[in-house]
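2 protein chains.
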Amino acid sequence: MTKKYHVAVVGATGAVGTKMVELLETTTFPIESVKVLASKRSAGKIIPFKGEDLIIEELTADSFEGVDVALFSAGGSISATFAPEAVKRGAVVIDNTSHYRMDPTVPLVVPEVNPTSLSEHNGIIANPNCSTIQMMVALEPIRQAVGLDKIIVSTYQAVSGSGAKGIAELENQIREYVNGTPLNELTAEVLPCGSDEKHFPIAFNALPQIDVFGEDGYTLEEWKMMNETKKIMNDETLKVSATCVRIPVINGHSESIYIETKEETSLAQIRLLLADAPGVTLVDDPSQQLYPQAIDAIDQGTTFVGRIRPDVDNPTKGFHLWVVSDNLLKGAALNTVQIAEKMVELNLL
Amino acid sequence: MTKKYHVAVVGATGAVGTKMVELLETTTFPIESVKVLASKRSAGKIIPFKGEDLIIEELTADSFEGVDVALFSAGGSISATFAPEAVKRGAVVIDNTSHYRMDPTVPLVVPEVNPTSLSEHNGIIANPNCSTIQMMVALEPIRQAVGLDKIIVSTYQAVSGSGAKGIAELENQIREYVNGTPLNELTAEVLPCGSDEKHFPIAFNALPQIDVFGEDGYTLEEWKMMNETKKIMNDETLKVSATCVRIPVINGHSESIYIETKEETSLAQIRLLLADAPGVTLVDDPSQQLYPQAIDAIDQGTTFVGRIRPDVDNPTKGFHLWVVSDNLLKGAALNTVQIAEKMVELNLL
Chain A
1 MTKKYHVAVV
11 GATGAVGTKM
21 VELLETTTFP
31 IESVKVLASK
41 RSAGKIIPFK
51 GEDLIIEELT
61 ADSFEGVDVA
71 LFSAGGSISA
81 TFAPEAVKRG
91 AVVIDNTSHY
101 RMDPTVPLVV
111 PEVNPTSLSE
121 HNGIIANPNC
131 STIQMMVALE
141 PIRQAVGLDK
151 IIVSTYQAVS
161 GSGAKGIAEL
171 ENQIREYVNG
181 TPLNELTAEV
191 LPCGSDEKHF
201 PIAFNALPQI
211 DVFGEDGYTL
221 EEWKMMNETK
231 KIMNDETLKV
241 SATCVRIPVI
251 NGHSESIYIE
261 TKEETSLAQI
271 RLLLADAPGV
281 TLVDDPSQQL
291 YPQAIDAIDQ
301 GTTFVGRIRP
311 DVDNPTKGFH
321 LWVVSDNLLK
331 GAALNTVQIA
341 EKMVELNLL
Chain B
1 MTKKYHVAVV
11 GATGAVGTKM
21 VELLETTTFP
31 IESVKVLASK
41 RSAGKIIPFK
51 GEDLIIEELT
61 ADSFEGVDVA
71 LFSAGGSISA
81 TFAPEAVKRG
91 AVVIDNTSHY
101 RMDPTVPLVV
111 PEVNPTSLSE
121 HNGIIANPNC
131 STIQMMVALE
141 PIRQAVGLDK
151 IIVSTYQAVS
161 GSGAKGIAEL
171 ENQIREYVNG
181 TPLNELTAEV
191 LPCGSDEKHF
201 PIAFNALPQI
211 DVFGEDGYTL
221 EEWKMMNETK
231 KIMNDETLKV
241 SATCVRIPVI
251 NGHSESIYIE
261 TKEETSLAQI
271 RLLLADAPGV
281 TLVDDPSQQL
291 YPQAIDAIDQ
301 GTTFVGRIRP
311 DVDNPTKGFH
321 LWVVSDNLLK
331 GAALNTVQIA
341 EKMVELNLL
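Chains A and B, in that order, are what the protein sequence lines are. Residue numbering for the first sequence is 1 to 349, as defined by the UniProt record's numbering. Residue numbering for the second sequence is 1 to 349, as defined by the UniProt record's numbering.
Calculated directly from the structure, the hints in this document are not laboratory data. Model, not experiment: these values are computed from the prediction. Treat the hints with care, since some could be wrong.
Note that identical chains are pooled: a pair holds if it fits in a single copy or bridges any two copies.
[As the list claims (entries may be wrong)] In silico EDC-like pairs for lysine to aspartate or glutamate, Cα to Cα no more than 20 angstroms straight-line:
1. K198 - D285
2. K150 - E260
3. K88 - D216
4. K239 - D285
5. K342 - D311
6. K165 - E32
7. K230 - D311
Model the full structure from these sequences, guided by the hints.
Dropping the structure here:
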């Protein structure tokens, strides 16, 4: 008989945690029980699960007694405090926050890209940043075939990446605008970054700030994309430069990616590689106006790639791609659940 | 006494034409009279101008009798038919459509960048594409100082670039959404491109198509940016690669621009160059969350530049910039009027 596992979801009421619980309803991962954990404020609330009611419990260290696998998505400080407590009690933690991602003892995993890294875990596995994951799924087949020398990416990120509060803020601003509020007087209290000092409207705007700025002029979101890419692809020499931008989209990150390959390749070869790639859906027929769109990606568990075309000035090694995915699914909750599934497949649980 | 000129505005009821008439109220260009021309449908309508009423006349070849300067913004086919008629009657045409831009006998001018090209005109001067103009204003000071080898640009373009119909479509979709219409059922009849077959919602979406596709997988908008840049900077060896994307912003184009310079430079030097550059407003202090934003650019006649930072992997020759401008003003109407002003300054009229 297949072993079944006791699972905990930490941050079960958030934008990503809600998706995690939904995905556990249909996952191939063998579940014995699901425990939903959140702050004291949410304790007692009900989450439906396979026709039953899960009651949210307040997160404490002892919540992890008897838990086999704990999926964390409640912010970096919660993971810092409670992931070690979960590990101490015998659980394997799959952490969706940025806290452990660059820790050299913690594997950072996209199952389609570096599943073998999972075997090196010491109790904690990190789920990469949303904008990194979809880029990795799209580029890994190309890297494997012809190598990657350089990546220049500009993102078009949805507000759901900043959590339920970000979605509410955009929707509220839209309502204010329809009711006559001028663009520069829309209420902004969350974006571009809840923990930063100033807040700006996202409705009808493009905000070139996601997360706080480092002293070098890059935002932490940009550093996440640059550093995580090198770790996941296990190549410190890979050149990666990112510009991360929030736009008024509810859900679904889009990315304009420019790559330079190590060996010569072609549009035809890249299309062939991506047509067969795990987790990729090729949507690339300009003659039929077929290209990935954020609104088509919502609730889809795949990464859409299109607008593939050679750089006119570097046609055998320079290529553009337009990559779109549901940032709450493949960018977060789904990748986390897929890590758990892959660990069972690899007999690592 | 200064000579004064008889001016005609062709397409005076459009998104850009309306701005042209507004700008003529305050321009330093010496005006004797303004004639407003449009299709038969709009004839008889009133446009206020300096406290008086201008009555729209139907555009015919004879409309240009006695006109010294004709500003065109009524679509490429109107320019193709009527610009030669205006020239035949002695007018100088400044054309905001794409029709004459790549004609080798027609100067393509951004006054801050290549004003001397104006002297080579044969009756017609072309105004570049909106997304090209703001990029040129931001990059020319850098090119002059240290040369430019390569430009990779991803745009975040406002719906006003597609005209008044594009603005109305976004606003209508926003209202539909607030009233409960699902995202994928929003009414789309104009964007991404009025003349193409399929139409997709722009609200809460990012559309990687502006204008129609060429057979090479690039859109015409992308080709405009690539070809016009080389012509304006007068450098056929300059490498330019563009990805043009429409986002749900009413007005104000943003651009994520990556450049490689020919000579080594630094963040400090680029900031100094741009702080002094004509037509540029530097907004670049990440420590204070100061960077250009589309909603701040509306109704501003300048090009905002910020988020300047070196490419970590190429820190002396690779740089990112975030460039924002009101696409109806500097991107269209204002640049057209500035061309007329510059021609007076250079004694070319």
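To see whether the hints hold, each was checked on the structure:
1. Taking CA atoms no more than 20 angstroms apart as the test, K198 paired with D285 passes between copies only; the shortest distance there is 13 angstroms, against 42 angstroms inside one copy.
2. In this homomeric assembly, K150 and E260 come within 20 angstroms of each other (Cα to Cα) both inside a single copy, at 5 angstroms, and across copies, at 13 angstroms.
3. Neither within a single protomer nor between protomers do K88 and D216 lie at most 20 angstroms apart by alpha-carbon distance, with minima of 37 angstroms and 57 angstroms respectively.
4. Neither within a single protomer nor between protomers do K239 and D285 lie at most 20 angstroms apart by alpha-carbon distance, with minima of 29 angstroms and 26 angstroms respectively.
5. In this homomeric assembly, K342 and D311 never come within 20 angstroms of each other (Cα to Cα): the closest approach is 36 angstroms inside a single copy and 36 angstroms across copies.
6. In this homomeric assembly, K165 and E32 never come within 20 angstroms of each other (Cα to Cα): the closest approach is 32 angstroms inside a single copy and 56 angstroms across copies.
7. Taking the shortest alpha-carbon separations for K230 and D311, only the inter-copy value of 15 angstroms comes in at or below 20 angstroms, while the best intra-copy value is 23 angstroms.
In this structure, the hints that do not hold are numbers 3, 4, 5, 6, in rising order.
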